[in-house]
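Peer 1: Below, each chain spelled out in residue letters.
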Amino acid sequence: MTYKLLIVDDSKLARMAVVKALNSCYPDWQRVEAGSAADALSAMERDAPDIALVDFNMPTRDGLHLAGDLRKHNPRMPIAIISANHQREVIDRAAALGATFLPKPLSDESLLGFLKAALRDLEGAVS
Amino acid sequence: MTEQPDVVLSDLELDAVTELVNLGVSRAATNLARMVQEEVILTVPKVALMSRHDAIRTLGERESQSLVAVHQVFEGEITGRALLIFPEERSLELVRAVVGSELSIEELIELEQEALAETGNIILNSCLATIANALESNLKISLPEVLRGESSRFFSLEPPPSAGTTVMFIYINFAMQRRDINGYLAMMMDMPSLAALQTLVRALIRRTGVASGS
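Quick note, the sequences are listed as chains A and B, same order.
So that you can map any letter, position 20 of the first sequence is 20 in our numbering, and since no number is skipped, the others follow by simple counting.
In our numbering, each residue carries its 1-based index in the second sequence increased by 1000.
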């Protein structure tokens, strides 16, 4: 079974890094890219992605606020907050939203670990 | 004229600040090394209290060439600015190191600005977050801004820090020898922040179990 992944980051480079890492583990998954929180919310309605990877430090609306918005659309969606800002408050706020914190630069291992856990959640919810 | 700082840190407090910066920069360097897949060599951080004027002059004397900097402001109990600075002529090489060699020169140039911003964002955030966590404090960190020009200009920007004439000036050299890229990371905090930093550092020293002033 393949899934649709929403990648939200205002940096094209950072989105490229996620796509590269994703290609190494789940190359057949669909990707939806968004460069802002507003684009992400449009993509959420239009494409109904299954999993979201969200940058924390973005202009206008940060990734934690966006994660809260995404939760309203899909309360069970696995969400990862990605950031080099590993302050405890950021990690705690991500956890409070039920999101996983992944440190930047994103490694293949940490992405794979998150996606495997996300798959367990999604497939557990279906069965 | 050299102005005297209004807040005086003890040797132990200065040592603690240097160690904090060392922790932060080491984490940042580890991340940079992962991004460029090459060892990043660091110098020991230099931490000094000096006037804003002297800090700007120090930077100006150190670098006369055109530079590029990624700039972020941090605000919280301590407020200041942090910069990742390197020669402008090597900026494309740094971008190439980060994005990989498979991109054409046209693609590299197109990506340069945001690749620099994202690289600086990762380096500066990881450094500042490490310091904030160690101090049990919380910092709001701005979005990265890419600046070009002479180093003296980078620390003259407003706003913050705008208050006070004395600053804590911190800088650390880094080098990626295989790619011949050298640069430095610099931070500047103003006077009210310095007093707050001293309070946080004293608390850190107490938590560490070392008698203050020993």
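You may find that some hints are simply not true.
Below, simulated SDA-like cross-link-like pairs (lysine to any residue); rule was C-alpha separation at most 20 Å, straight line [what the hints assert, rightly or not]:
#: 1; chain 1: A; residue 1: Lys20; chain 2: B; residue 2: Lys1140
#: 2; chain 1: A; residue 1: Lys12; chain 2: B; residue 2: Glu1114
#: 3; chain 1: B; residue 1: Lys1140; chain 2: A; residue 2: Thr60
Going by beta-carbon spacing under 7 Å, a handful of chain A positions derived as facing chain B [what the hints assert, rightly or not]:
#: 4; residue: Gly113
#: 5; residue: Lys116
#: 6; residue: Ala117
Hints in this document: simulated from the structure, not taken from any laboratory.
Cβ coordinates follow ideal geometry from the N, Cα and C atoms, glycine included.
Peer 1: Hint by hint, which ones does the structure fall short of?
Peer 2: Structure breaks hints 1, 4, 5 and 6.
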